[in-house]
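Colleague: Spelled out from the first residue to the last, the chains are:
There are 2 protein chains.
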Amino acid sequence: MKPEDLIAQINKKDSFLCIGLDTDMNKIPKFLLSEDDPIFSFNKSIIDSTNKYCIAYKINTAFYESLGAKGWTSMQKTVDYINKNFPQIFTIADAKRGDIGNTSKMYAKSFFGEMNFDSITVNPYMGSDSVKPFLEFENKFTIILGLTSNIGADDIQLKTTNNDFVFMEMIKSCSLWGNQNNMMFVVGATKSEYIEKIRNLIPNHFLLIPGVGAQGGDLKEVCKFALNDNIGIIVNSSRSIIYASVDENFAIEAAKQAMILQNEMKAILSERKQNS
Amino acid sequence: MKPEDLIAQINKKDSFLCIGLDTDMNKIPKFLLSEDDPIFSFNKSIIDSTNKYCIAYKINTAFYESLGAKGWTSMQKTVDYINKNFPQIFTIADAKRGDIGNTSKMYAKSFFGEMNFDSITVNPYMGSDSVKPFLEFENKFTIILGLTSNIGADDIQLKTTNNDFVFMEMIKSCSLWGNQNNMMFVVGATKSEYIEKIRNLIPNHFLLIPGVGAQGGDLKEVCKFALNDNIGIIVNSSRSIIYASVDENFAIEAAKQAMILQNEMKAILSERKQNS
Numbered sequence: 163m164k165p166e167d168l169i170a171q172i173n174k175k176d177s178f179l180c181i182g183l184d185t186d187m188n189k190i191p192k193f194l195l196s197e198d199d200p201i202f203s204f205n206k207s208i209i210d211s212t213n214k215y216c217i218a219y220k221i222n223t224a225f226y227e228s229l230g231a232k233g234w235t236s237m238q239k240t241v242d243y244i245n246k247n248f249p250q251i252f253t254i255a256d257a258k259r260g261d262i263g264n265t266s267k268m269y270a271k272s273f274f275g276e277m278n279f280d281s282i283t284v285n286p287y288m289g290s291d292s293v294k295p296f297l298e299f300e301n302k303f304t305i306i307l308g309l310t311s312n313i314g315a316d317d318i319q320l321k322t323t324n325n326d327f328v329f330m331e332m333i334k335s336c337s338l339w340g341n342q343n344n345m346m347f348v349v350g351a352t353k354s355e356y357i358e359k360i361r362n363l364i365p366n367h368f369l370l371i372p373g374v375g376a377q378g379g380d381l382k383e384v385c386k387f388a389l390n391d392n393i394g395i396i397v398n399s400s401r402s403i404i405y406a407s408v409d410e411n412f413a414i415e416a417a418k419q420a421m422i423l424q425n426e427m428k429a430i431l432s433e434r435k436q437n438s
Numbered sequence: 163m164k165p166e167d168l169i170a171q172i173n174k175k176d177s178f179l180c181i182g183l184d185t186d187m188n189k190i191p192k193f194l195l196s197e198d199d200p201i202f203s204f205n206k207s208i209i210d211s212t213n214k215y216c217i218a219y220k221i222n223t224a225f226y227e228s229l230g231a232k233g234w235t236s237m238q239k240t241v242d243y244i245n246k247n248f249p250q251i252f253t254i255a256d257a258k259r260g261d262i263g264n265t266s267k268m269y270a271k272s273f274f275g276e277m278n279f280d281s282i283t284v285n286p287y288m289g290s291d292s293v294k295p296f297l298e299f300e301n302k303f304t305i306i307l308g309l310t311s312n313i314g315a316d317d318i319q320l321k322t323t324n325n326d327f328v329f330m331e332m333i334k335s336c337s338l339w340g341n342q343n344n345m346m347f348v349v350g351a352t353k354s355e356y357i358e359k360i361r362n363l364i365p366n367h368f369l370l371i372p373g374v375g376a377q378g379g380d381l382k383e384v385c386k387f388a389l390n391d392n393i394g395i396i397v398n399s400s401r402s403i404i405y406a407s408v409d410e411n412f413a414i415e416a417a418k419q420a421m422i423l424q425n426e427m428k429a430i431l432s433e434r435k436q437n438s
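Protein chains in written order, with my numbering: chain A, 163 to 438; chain B, 163 to 438.
No wet-lab data here; the hints were simulated from the structure.
Treat the hints with caution; some may be incorrect.
All copies of an identical chain are treated as equivalent in the list; a pair is satisfied when it fits inside any one copy or across any two copies.
[Claimed, not checked] Result set (SDA-like, lysine to any residue): computed pairs, CA atoms no more than 20 Å apart in a straight line:
(1) Lys334 x Thr323
(2) Lys294 x Asn343
(3) Lys359 x Lys418
(4) Lys302 x Trp339
(5) Lys267 x Met187
(6) Lys232 x Asn278
(7) Lys418 x Leu381
(8) Lys175 x Leu389
(9) Lys174 x Gly263
(10) Lys271 x Asp186
(11) Lys271 x Asn188
(12) Lys232 x Asp198
All values reported here derive from a predicted model rather than from experimental measurement.
Extracted from the complex, chain A is given alone in its bound form:
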């Protein structure tokens, strides 16, 4: 997907919501377990009911891998279903991959080529040759872990070098290898005190912001510093949407939660327009 198509969709829907399909066999409604592929059935219902409120779906590979080859098939069916029925929606493989050059190339081929995701999250700890193979694919985005939403971010990312925080050094380096048309950065919603700093460094890149909802990040606080002229953010919520209910009506309840977040986003965008 091209950046302009993503931006057009955001403007059209008044939404920058991404829904995380962290689909867990132990958390989906029990009545789905008798289906041939409960994971795909769950995802399909969630996608059918929520697609008008969101502009992206994020598939966290861990949940699918935990089911082995079968889970891998459910993942492929899910991304195929989105690509076929909602081609304007941006797909994210939340895989946090990264390895030496020739191995990263295999991962890039797998997620961009074979599976046809629009983007993949990449762990930059192994540096340039672990990131660059992903950037070679046209109309695909490499989403670098910048500053993550979890408590462990303190352990390495928030240490300081002689110049700056480790995560800032890392964003600086990575931004030289790609550009705003093929690279985004993950910045946790729970780390809003650092978002202004990050925005000053990379004013034009999209930020993928997880951690709103179950992890406690505040949407308005995040938007205050993260929005740019092209909106420039994708805010993800997973558990608080997809597990809103475990009854027969789970998809409707998920859509309600998605709509609430999309309405908040619409209000933020409209207030911003009035103030500009």
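Chain A is already provided as a structure; the job is to place chain B on it using the hints.
Modeller: Coordinates of chain B only, in the frame set by chain A:
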């Protein structure tokens, strides 16, 4: 696997060789492509011919994922084959995973529980809660990326904080979360100038050392600083062993390469005994 069983095997075989099964459909002998599962057929032949020279097999997940669900099945069959026929051999999922706590837990369940690997490589960039779920499994090893063998290691790992290199800070932090019985560290063979420093910091942990062979690391140089009282290292070689030949005799040629490395290891260990 318990550390004492790994050490016993190393002593018995006079070898600390790990063979990397980076099995690539484009590089295996052409005549295997007519088999039902060429990847597994290749791995099985390599394992049958090389197991007496090595003490571990490392499966890099990227190569299997690139084939989708089918590749995932080949990976499972490979680890099952090793566990069943050569239970004394240590298995490594070179997956470089790591995510927020509840997601790392899924990865740990998948690789330790479902797939029954003895160990997995973990990328520590997301910090404590991304690493700890792996440490909760008994008789399993979490192998943290310490200082990697690739050129990109310069970009983040070799930056310096106010105290030390980023990779040293990271090893220091991680070593507090686990111990020598459930944690190892990856240290690239191409980075031998740093190995002494790492050994001083963690004298008792096993080091997994890739980069000997195709990547250019020197075995003797590495051993000079990395060996400890329990030997304490696992040296990996992948491409230069498994792709020694693409003819009918590929497994025999692979065994020859493995034997050459094992002989070098035996000589190093024997020289060391004489000098002690």
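Colleague: Should lysine 271 paired with aspartate 186 be assigned to within, between, both, or neither, using CA atoms and 20 Å as the limit?
Modeller: between (26 Å within a copy, 13 Å between copies)
Colleague: Go through the copies and call it for lysine 359 and lysine 418: within, between, both or neither, with a Cα cutoff of 20 Å.
Modeller: Result: close neither inside a copy nor across copies, 34 Å intra and 56 Å inter.
Colleague: Between lysine 271 and asparagine 188, at a C-alpha cutoff of 20 Å, which is it: within one copy, between copies, both, or neither?
Modeller: between (31 Å within a copy, 13 Å between copies)
Colleague: Are the CA atoms of lysine 232 and asparagine 278 at most 20 Å apart within a copy, between copies, both, or neither?
Modeller: both (18 Å within a copy, 17 Å between copies)
Colleague: How do lysine 174 and glycine 263 come out at 20 Å by Cα distance, when the copy is not named: within, between, both, or neither?
Modeller: neither (39 Å within a copy, 35 Å between copies)
Colleague: State whether the alpha carbon distance between lysine 294 and asparagine 343 is at most 20 Å within one copy, between copies, both, or neither.
Modeller: within (14 Å within a copy, 36 Å between copies)
Colleague: One pair to classify: lysine 334 and threonine 323, alpha carbons no more than 20 Å apart. Within, between, both, or neither?
Modeller: both (13 Å within a copy, 16 Å between copies)
Colleague: If the cutoff is 20 Å on CA atoms, where do lysine 302 and tryptophan 339 land: within, between, both or neither? Let me know, please.
Modeller: For lysine 302 and tryptophan 339, only the intra-copy Cα distance (15 Å) is at most 20 Å; the inter-copy one is 37 Å.
Colleague: Evaluate lysine 175 and leucine 389 at a C-alpha cut-off of 20 Å and name the case that applies: within, between, both or neither.
Modeller: within (16 Å within a copy, 60 Å between copies)
Colleague: Within a copy, between copies, both or neither: where do lysine 418 and leucine 381 come within 20 Å Cα-Cα?
Modeller: Within one copy only: 17 Å inside a chain, 61 Å across chains, cut-off 20 Å.
Colleague: Treating 20 Å as the Cα threshold, decide for lysine 267 and methionine 187: within, between, both or neither.
Modeller: between (31 Å within a copy, 14 Å between copies)
Colleague: Within, between, both or neither: how does the pair lysine 232, aspartate 198 come out at a Cα-Cα threshold of 20 Å?
Modeller: both (11 Å within a copy, 19 Å between copies)
Hint check: violations occur at hints 3, 9; the rest are consistent with the structure.
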